[in-house]
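Read in order, the letters of the sequence shown correspond to residues -27 to -1, 1 to 298 in mature numbering (1 follows the signal peptide of the UniProt record, and there is no 0).
Quick caveat, the hints were computed from the structure, so don't treat them as lab data.
In this text, a Cβ means the ideal position worked out from N, Cα and C, and glycines have one as well.
Take these hints with a grain of salt, some might be off.
Each computed BS3-like pair below joins lysine-lysine, with the alpha-carbon atoms no more than 25 Å apart [unchecked claim]: (1) Lys137 - Lys178; (2) Lys296 - Lys137; (3) Lys35 - Lys223; (4) Lys125 - Lys223; (5) Lys35 - Lys125; (6) Lys129 - Lys195; (7) Lys103 - Lys281; (8) Lys129 - Lys223; (9) Lys178 - Lys296.
Pairwise CB distance ranges (calculated) [what the hints assert, rightly or not]: (10) Gly189 - Gly39: 44 to 52 Å; (11) Lys296 - Leu33: 55 to 63 Å; (12) Arg99 - Val5: 28 to 36 Å; (13) Trp8 - Gly189: 56 to 64 Å.
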Amino acid sequence: MRSVPLGVVASLILAVIALTVSARSFAAPPDVPAWLQAHVGDSDGLISQVVLERARALYLKKVAQGAVRNPCYFAMDATRPGDLGNGVLGRRYYVICEASQSFRAIPSGHGGGRNLKGTVNFSNGRRCSKNFGNAMDSELTAGGAYVTREAKTSFKGFYSTGAKQAAAFLRTFIQFDGEGEAANARQRVIGGHAAQVLRAQCMRKNPNSSYADHDGLVPFGKLVDYPGGRSNGCTSWSPADARQIISMVKDNPTTLYIYPESRDIAAVVAHRSQSGGVPYWNASCLKEIGAPKFWPRKTLEPIIAQYKTDHPVPPPQPLPICKGS
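Whole structure, please, built from the sequences with the hints as guidance.
What follows is the structure, encoded as C-alpha cells:
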C-alpha cells in the first residue's frame, strides 16, 4: 500500500469536516422569515424572541416527526401581564400560521394557584404570575411543550338569555398532552377552554330536557365571563377566541409552547447574584413580583395532600329548587 502525503490527508479531513458542517446546516431549522420577525418584540401584541424560537422549534420538530400536520401553532408568554388596567387585557397568547403568513396575539388567563392558609401561599394575582408549578391540585401554570388533543364538550347548566328565556351552556375543553415537567398535563386535566363558568344557583323543573336528571331537574345559574381572570392551570380565552382556536385544532392537533419553564425561572433567580446575560422576563411583571418561583410536584404535592387531610372538604349540599319551578 502506497503512502499518502500528509498534505493530502489533511485536505481529505478538511473536506469531510466541511461536508459534515454543510449537512448539519441543511438539517437545522430554517431562520425565522422576515414577515414573522416583524412581530418579534417585548411590547404588548408582539412575541419575545426566545418564546418564538422555542415555539417554532417545537412545532418544526413535531411536524418532522409526523406528529402534527396543522399549518398553525401556538405559544404563550406567561411572564407578561394578563391585565393592563382600565379594562385592557394583555395579549400574550399567540396564534402563528406561517403558510398564510398570519400572526395573532390574544389575551389568555394564567393559573391562579392557591393559598393554603396557615400552611403555604402559592397564589397568583390577576395581573402577573409569580408562582408556577406542575403539582396535582396546585392550579398553577407549568411551562414547556404541549400538543393539543381531543375536544370534550360538557353541559354545565342553563342560564337566562332574557325574559323567561334560557339557554344551555355547553363548554368545550381541549385536552393537552405535555412533555418533561408538563408530562402530567392529562393527569392534571390541563387544557384550553373559553373563560366562562356557570355559577349554578338552583335546580329548575324541566322534565322534557335531554339534560334533566331522574327527578326532571336541571341546574340553572348565572353565566360569568372571566377573560382577564385566572384559571386552575389551564389556558383560557375569550368565548370568541375560544371558538376560533377550538375549530382550528379539533381533529387536527398542533403544538403549544408555554414560557417560562423551571430552568428559566431558576436563571432569573440566579441572575440576582451572578453577572452575565439577563434572562428574559417581562420587565413590568418582574418589578411587581420581585422574583418568580417554581414549585416542583415532588415538593408541593405532599403539602397539598396533608392540607386536604387536615382540612377535609364538607360533602356538597344539593342546590335548592328555583322559585316558580
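Now the hints, each set against the structure:
no. : hint                       : in the structure
1   : Lys137 - Lys178            : 14 Å, holds
2   : Lys296 - Lys137            : 13 Å, holds
3   : Lys35 - Lys223             : 17 Å, holds
4   : Lys125 - Lys223            : 10 Å, holds
5   : Lys35 - Lys125             : 23 Å, holds
6   : Lys129 - Lys195            : 11 Å, holds
7   : Lys103 - Lys281            : 24 Å, holds
8   : Lys129 - Lys223            : 20 Å, holds
9   : Lys178 - Lys296            : 10 Å, holds
10  : Gly189 - Gly39: 44 to 52 Å : 50 Å, holds
11  : Lys296 - Leu33: 55 to 63 Å : 58 Å, holds
12  : Arg99 - Val5: 28 to 36 Å   : 32 Å, holds
13  : Trp8 - Gly189: 56 to 64 Å  : 57 Å, holds
The structure fails none of the hints (numbered hints given earlier).
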